[in-house]
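Q: Since chain A is already given, all that's left is putting chain B on it; use the hints.
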Amino acid sequence: MAWETVIGLEVHVQLRTRTKMFCGCRTTFGDPPNTHVCPTCLGLPGALPLPNAEAVRLAARGALALGCTVHEISVFARKNYFYPDLPKGYQISQFDQPLATRGRVAFESPERGRIEAGITRLHLEEDAGKLLHDRFPGKTAVDLNRAGTPLAEIVSEPDIRSPAEARAYLTTLRQVLVYAGVSDCSMEQGSLRVDANISIRPPGETALGTKTEVKNLNSFANVERALEAERTRQIGLAETGGRIAQVTLLFDAGAGEVRELRSKEESHDYRYFPDPDLPPLVLAPGWIAEQQAALPELPEARRARLEADYGIPAYDALVLTGEMDLANYFESVVAAGVEAKMAANWVMGDVMSSFNETGGFPVGAPRLAALVTLVRDGVVSHQAARRIYAELAQHPDQDPRAAADRLGLVQVRDQGALSAWVDEVLTAHPGEVARYRSGEAKLMGFFVGQVMKRSQGKADPKGVQPVLHERLSRR
Amino acid sequence: MSAAAVARDTGARLAAADAAGLNATLYWSQELLDAEARRVEALPADSSLHGMPIALKDNIVTTDAPTTCASRILAGYVSPYEATAVTRLRGAGAMVAAKANMDEFAMGSSTEHSAFGRVVHPLDPSRVPGGSSGGSAALVAAGVVPAALGSETGGSVRQPASFCGVVGVKPSYGRVSRFGLVAFGSSLDCISVFGRTVDDAARVLAAMSGHDPLDRTTLDRPSMRRPEPRRDLRGLRIGLPREYFPADLHPGVAAGMERARRATRELGAELVDVSLPHSAFAVPTYYIVAPAEAAANLARYDGVRYGPRRIGAAGGIQALYQATRGEGFGPEVQRRILIGTYVLSAGYYDAYYRKAQRVRKLIADDFRRAFTGGVDLLLTPTTPTPAFRAGEKTGDPVAMYLADVFVCAISLAGLPALSLPVGRSEGLPVGAQLIGPFFEDEAMLAAAAALERALGADAEVR
Chain A
1 MAWETVIGLE VHVQLRTRTK MFCGCRTTFG DPPNTHVCPT CLGLPGALPL PNAEAVRLAA
61 RGALALGCTV HEISVFARKN YFYPDLPKGY QISQFDQPLA TRGRVAFESP ERGRIEAGIT
121 RLHLEEDAGK LLHDRFPGKT AVDLNRAGTP LAEIVSEPDI RSPAEARAYL TTLRQVLVYA
181 GVSDCSMEQG SLRVDANISI RPPGETALGT KTEVKNLNSF ANVERALEAE RTRQIGLAET
241 GGRIAQVTLL FDAGAGEVRE LRSKEESHDY RYFPDPDLPP LVLAPGWIAE QQAALPELPE
301 ARRARLEADY GIPAYDALVL TGEMDLANYF ESVVAAGVEA KMAANWVMGD VMSSFNETGG
361 FPVGAPRLAA LVTLVRDGVV SHQAARRIYA ELAQHPDQDP RAAADRLGLV QVRDQGALSA
421 WVDEVLTAHP GEVARYRSGE AKLMGFFVGQ VMKRSQGKAD PKGVQPVLHE RLSRR
Chain B
1001 MSAAAVARDT GARLAAADAA GLNATLYWSQ ELLDAEARRV EALPADSSLH GMPIALKDNI
1061 VTTDAPTTCA SRILAGYVSP YEATAVTRLR GAGAMVAAKA NMDEFAMGSS TEHSAFGRVV
1121 HPLDPSRVPG GSSGGSAALV AAGVVPAALG SETGGSVRQP ASFCGVVGVK PSYGRVSRFG
1181 LVAFGSSLDC ISVFGRTVDD AARVLAAMSG HDPLDRTTLD RPSMRRPEPR RDLRGLRIGL
1241 PREYFPADLH PGVAAGMERA RRATRELGAE LVDVSLPHSA FAVPTYYIVA PAEAAANLAR
1301 YDGVRYGPRR IGAAGGIQAL YQATRGEGFG PEVQRRILIG TYVLSAGYYD AYYRKAQRVR
1361 KLIADDFRRA FTGGVDLLLT PTTPTPAFRA GEKTGDPVAM YLADVFVCAI SLAGLPALSL
1421 PVGRSEGLPV GAQLIGPFFE DEAMLAAAAA LERALGADAE VR
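Residue numbers (our numbering), protein chains in the order written: chain A, 1 to 475; chain B, 1001 to 1462.
Same shape as in the complex, but just chain B:
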């Protein structure tokens, strides 16, 4: 199939998704798709992603479409430069298909906090697709694109992947350049990938990974290769951290995990009990570290240089800041800026930010101990429940934050992890999480491919 034909089909599917009310995109155009097809056709046909349409979460900058982060404060903003990850994907033959809806500035777990309306779960319009990369997840789940970029700060790809029944991969921190990813929590942010299959996601990840001189936090190590899928899991010891299997785990999730455990064992892996005691503090730690960094990262949206400006009744610069930011940011973003400002304030820094940094290290040490103790991978549920209903948690921020209870710790530790579908609960997908040691992304993906194939034979999963 030619790139031009793929571009036309993709446009038709995007239009159908819009018509179905998915609200998963913030920008796409047939002209842009056609231009991408023409560009790709000039590239070697054996480039690794030749003609693959990819959606981008709208916090990844491109020069040919707006980048709004689903926020009024960046309405209409077009970047004068392109993210490194996008340049690499385009160079590998991928076509940028659309900019996907998201929680405003990637803050949320349901994609209900978009200034441009919530994203609808493709399988059940009353439910959320997860978040914050809900638009990207929904586009892959609905079969509009085979892969999409999301971003993770604390589970924003794995959690919606689990909700939507697709594969979601968060690479090791430092694997993919953040240059051109609009910053939320810089020490946590990772451009991450959704795919219909482990292989789709792995190919995309391999194409965009590698050291970037423009991002000092990328590691100067050889780029990731597309992993050779394993046929079995013989010789692998897979840890089941007991803290991630609480007694009150949702029965549908528990059933999915049982299926994953069985398949893992049948593939020849040895399952072992491990403990990650400090993971219990991951959510509160995350909700100090991420907002602190966010409060600084979002200070630049002041209406002075770009984005809509509100003058404010009182006149003067303070009024301009207050009006621009007060009207430009939604309530969840404002909440996080306030939390972040508070935890860094004189007199509170030690009690919150400094302590959170210490706990973060303890959380990471738990994982390191497990991996150096002879465990190759960890297996956990991705989320405590399947996709919840729209509006169910919007009135209770803490309940919303706890949707990320199984994914946050991994982000704080900077480790590679993925979610892959392992079953259904009342028709809704359930995902399991595989976690690898730092920079062992390839080994993790190779094992996931074996598990994916074994589970694919199970009618309950798809």
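Next comes chain A alone, as it looks inside the complex:
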């Protein structure tokens, strides 16, 4: 029997602020435990929260980038539960009056083409701390550096229909948030976290099935894997007459399995109520309009513009806009005088390889432009340019031309030198020479290749052909 899968995602992103949500402590990653704490984020008696205006701005910006309505009045609420990483015994979040509601993410579904998933809400909240289980034998330690870090929680509608779609949605959501400058969205550093809700139903059914929630998803690939595993488990249950219970599951990436964490009966009653320490968050309509106006170009618009303005293929525009930094780099290279398709090829080639490896650009855009210009002007070959690129990546302070000289990669156009290499090649391959002369014209490529090889890539191929023609036509 066929089943329809229904998925909704809850994504937490860390807002790119210098300080925490309700105090002046710095938000950093990887510092020694409990070095960025104060009375407020430690939950000391008598301490009070002060909302971080920059966090509010970034969350509003993110919401607007996702097409949400940002509300003039929203309310901070206390979410009550006990856990050692939660200093106050409640998390300050937003509940029935969130910052923003009703947005959408348009993305490319691997199965359904271009679709939209609705955003139910985006709200502000503070992060909890971290438990360290491996620091002291037999004991658990608490690090509260992260406690109070500003987060936006983004809840999607149950509009996603497959694990692969979930991954595509996340990829696009992440792109939008990075473009909007809202968050780094780094899963490694925990600045983007995903909880997934999934249920199945017979095709055509409109009511939702019983959903389960999968947690502990530390990469987009694992979101897809975990949802595949859970979908398979649910279908297996449904087809053998079992009952799908509303449970929370943890994904074990090593085993590729989901494991039950707790059932609905054990789930928390968070007893939300408005936080009396914080008056409602009031945003002026004019301020919201300013944030809307200040939004940068978002991925979709940029993709369309790159295609139109630079005349590059749609595929290239899609790849280049996949990462905002990559698109920026591409435009800088073009601005430095490189032909667009040539720039796109370079950025999608060696540049993207090093970006994926390091997350950065070891060779600055002006240097790459200078290098590509050397190829265009025939000073170095494409192959030589790639070697120079690798050299520049190691030693970024070098000038491309100087590197070409130092590596001896400048193409040789001197007639004497070219003639010498050609003569050597023809002497070494009398058989091929004879066959060429008897009409096998396609052997020209072979001779050019041999000359290039003999010259260690230094011969200018454009200069080599006329010399070959001249020598081979002599009898």
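Certain hints may be false.
What the hints assert, rightly or not - Here chain B is said to cover these stretches of chain A; the calculated rule only asks that three of the stretch's residues, wherever they fall, bring their Cβ under 8 Å from a Cβ of chain B:
(1) 38-49
(2) 86-92
(3) 277-283
Bear in mind the hints are in silico, worked out from the structure with no lab data behind them. We put the CB at the ideal spot given by N, CA and C, even for glycine.
A: Structure of chain B alone, referenced to chain A:
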């Protein structure tokens, strides 16, 4: 008199109060007093509270003494930072003299719910001083300090002021920073003042009031000034809300109120009948709102980061929570946490918490209507009876809660109010309550000063 001499005298009086078994303090030391005197002597001599010794209720944090909230769960806890109100008072020249005993976490109306023993009424050891700021009230009433800070969530300064025969002033909500006041019911909590006189209390209040960037619920309005006392009450219309004068009012309280009414009229005020019908629901509303907030506010006392920790026999984090909180909190605190947890629970929220919020608004609307209807101040009894006997209500929580029947509504409405002595009943003080419109604290205090002077001539009052 030099600050050093005041510090020595204050120490001697604190020692005498201890020796008399008042049990009004949880911490004081001569060294700390002497250090305060040295600090104050470096300040300008014309600072508004120069050399005034002040006691602090033990739920206001200071860095040089423990802050326990009279609870075992905070035994020995010393704050790494100081409350804004204390910083301001110290800056104005006040000397912190002692941390005063209180009902645990300010929950109670008799100061019998302290983990460190009950506070004794200075005039009758068999009676309670009121609460929850009973230690602060007793210290002022016993003449140990001229002024003391208490805190109000639902009458915890006005009620003990009435019981002890001193002035107790609760400012408008948002007038004094709560930063450093250990939270009980955050939407209600106000640092408040006891004084021997209206002027003492007003000076202290003026020195610590004003917007605090560290407390988002303080109002960004000009700070309160020390009010110019009125000579009379001419031109004022003073409302007597009929719901606050029940037929079965204690005769001693009724007599005190009659004296207050007469004095008010003689000072030239016009007395008018008003109605505040929803005040009847103030106590039940209060006992939903305050415990709900308290249940969340007290969740942080979990034994993980500070305070005594109990591991619990079963091991594990749940056992640690249960043992730490089960042993650390007294029965009244546990009762309120349970009430608060219950009224916020799924399925009960609408019936209790949400409804209480609606009633709270109706209660506040009553007051607003009275004040916009041409009444300048309201006059009511502070308490239904004079100080009751220790143990009289400890077995009956609801009877204890009803000791606050005349003070709760004002807290829910966020209004300024004060209690001032208006008579005695069988030797025990009786107080009357003046209530002002929101942020009209100065006008209320100015009128109270006139009434205080008129009544001061009456031998029955002091």
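Q: With reference to the structure, classify each hint as holding or not holding.
A: Taking the hints in turn, this is what the structure says about them:
1. 38-49: holds (count 9)
2. 86-92: holds (count 4)
3. 277-283: It holds, with 3 qualifying residues against the three required.
When the structure is compared with the earlier hints, no violation turns up for any of them.
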